[in-house]
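Participant: Going down the list, the sequences are from chains G and P.
For the first sequence, the numbering used here gives the first residue as 1, with consecutive numbering after it.
For the second sequence, the numbering used here gives the first residue as 1, with consecutive numbering after it.
None of these hints come from the bench; they were simulated from the model.
Keep in mind that a hint or two might mislead.
[Unchecked claim] Pairs of lysine to aspartate or glutamate, EDC-like flavour, derived with a Cα cap of 20 Å: (1) Lys110/G / Asp68/P; (2) Lys102/G / Asp159/P; (3) Lys115/P / Glu87/P; (4) Lys263/G / Asp68/P.
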Amino acid sequence: MNILRKELRLGFKPFMLWIIGLFILDVAGLIKFTGVSEGGASMSAIVDQIPRVVQALIGIVGINIESLSGYYSILGYFVMLCACIYAMFLASNAVNREIVDKTYEFIFTKPRSRGYILSMKLIAGMIYLTLFAVLNILFSYAGLSLLNIKEAITNEILYYSLAIYLVSSLYYAITTLILTILNRPEKGTLYSNIFFFTTFVIGVGVDMLEKPGLLRVFAPLKYFTPAEIINGNFNVAYAMVSIVCISLCAIFAYQYFSKKDFKAVN
Amino acid sequence: MIKVTDLTLKYRSGKGVFDLNFEIKKGEVVGYLGPNGAGKTTTIRALMGFIKQDDGSASINGLDTFADAPEIMKNLGYLPGEITFLEGMTGEEYLNYLAEVRGMKDLKRQRELIKMFEFSPKGNIKKYSKGMKQKLGIVAAFMHDPDVLILDEPTSGLDPLMQNRFVELIQEEKRRGKTILMSSHMFEEIERTCDHVLIIKEGHLVASADIETLKNSQRKGYEIKTKDNAQAVTLLTKLGFDAKLVNDIVEVYITGESTDQFIKSCSMLHIDSFDVKSQSLEDVFMHYYAKGANV
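When you get a sec, could you build the whole thing from the sequences and use the hints?
Facilitator: Okay, here's the thing in structure tokens:
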């Protein structure tokens, strides 16, 4: 258990920095809604003039920015991006920290299996991801309480937070797998960034198309769309896809990790 | 206790270790020597289960070093060649963390070692000197009283007094029946502590013998002073002997079967003094480094 405690301690400072960012995004972001909603039709007109590809890049395709739920979905999208990037950072630390900073000769010379050590590290990461999602709910309500609006978006907040949790966990699992397979830890950040960027671009493509079809499977950022959530639907099918992918990635990650060569990065 | 059979591990660069075969019995202290890049650390990393060999096998106490590493680690102490510590800890916190992971309740041995090496584990490790970090690493490796120890350049960074303490520690562990594999460049320390020596060069084991056999089976050295040392060197070299002039003394190295021929050759010289040169393990070692001959 003290490996878990050590991992939590090492991850605390970065977690606090991310949470500060999340707070600003949620609370300050929601406070800004007052100004946006008062803009009225002019805001919608401005958004409509933005090229679709740009709308897709910033996650506002098909969104009514004047409604609270529409506006919140934009915040939700950016929170999801942050959560996924944070998840990749956590995965990188879980798999590669000891190799990159050359402390593997101490952690992996203790009477604990590689699987156990990896488990403790991944659990620490999941704890932080869970807290991130929970705090997203709390900060969202905190931001809402500062707005003098009677409209309730409880479902949207809960669904978005669950979506953020699932999608960030998926990126966590996939990044873990990529890094356990790689023989060159120093390339870990590069390849996981390439993976993220690729799925982001595919997500943009999904938003550009009227009927993206199977392409959406390769764009986890688009598993849970604003339109679905605002309509009160949580896409259970993609939730199952996420869970299955997370499980498969975890299984293979453990297998690869148990056979991985630990070589110091020069 | 430690058994390596046909161990081969090859990196992409082509370097590695090839067909290593050796066995270290219980209670033996074995020195593992070789020039930089010879494969000592690669061998140690295979024994520690950090990397899996391409061929052959390695076992400690009958357990496979890769597949059964966690089981082996219960009773193994390891000191890496380059020590890197976890961030943000004091020495005390670090030792307590290790003790917790190992489930150690009795810290008596830890305290004895700290006292022996005269250092205080308080203070942030970041601010420790190289020597203090080395001492911390030594305490960490020995404190759970393991039966097997693998030490990579254990006295690196230690002052002469602490190097001596370390030798005393090894001698004490040896008396207690511990099995130790020690990689080092400090010949005196190897001579004082080891029963047996393995020498590796370019990934191949070039020598494996006990200390005394290694020294005695090698060439004997003689120091001769003559009326004309330079001429003496020329003559002896022409006759096929390995002769050189060092500090105005003729040094000659011969194998046992050449002794009679050598003595007869010396009769051609006007000799002022004739001494047997005592051969240290360093001389033996340097010979293997230079030629890579096998025992």
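Participant: A separate judgement is required for each hint: does it hold in the structure or not?
Facilitator: Now the hints, each set against the structure:
1. Between the alpha carbons of Lys110/G and Asp68/P the distance comes to roughly 12 Å, so the proposed pair stays at or under 20 Å and holds.
2. For the hint pairing Lys102/G with Asp159/P, the CA-to-CA distance comes to about 25 Å; that exceeds 20 Å, so the pair is violated.
3. In summary, the hint linking Lys115/P to Glu87/P is not supported, as the alpha carbons are separated by about 24 Å, beyond the 20 Å threshold.
4. Proximity of Lys263/G to Asp68/P is assessed by CA-CA distance (about 19 Å); at most 20 Å being required, the pair is judged to hold.
Hint compliance for this structure: hints 2, 3 are broken, all remaining hints hold.
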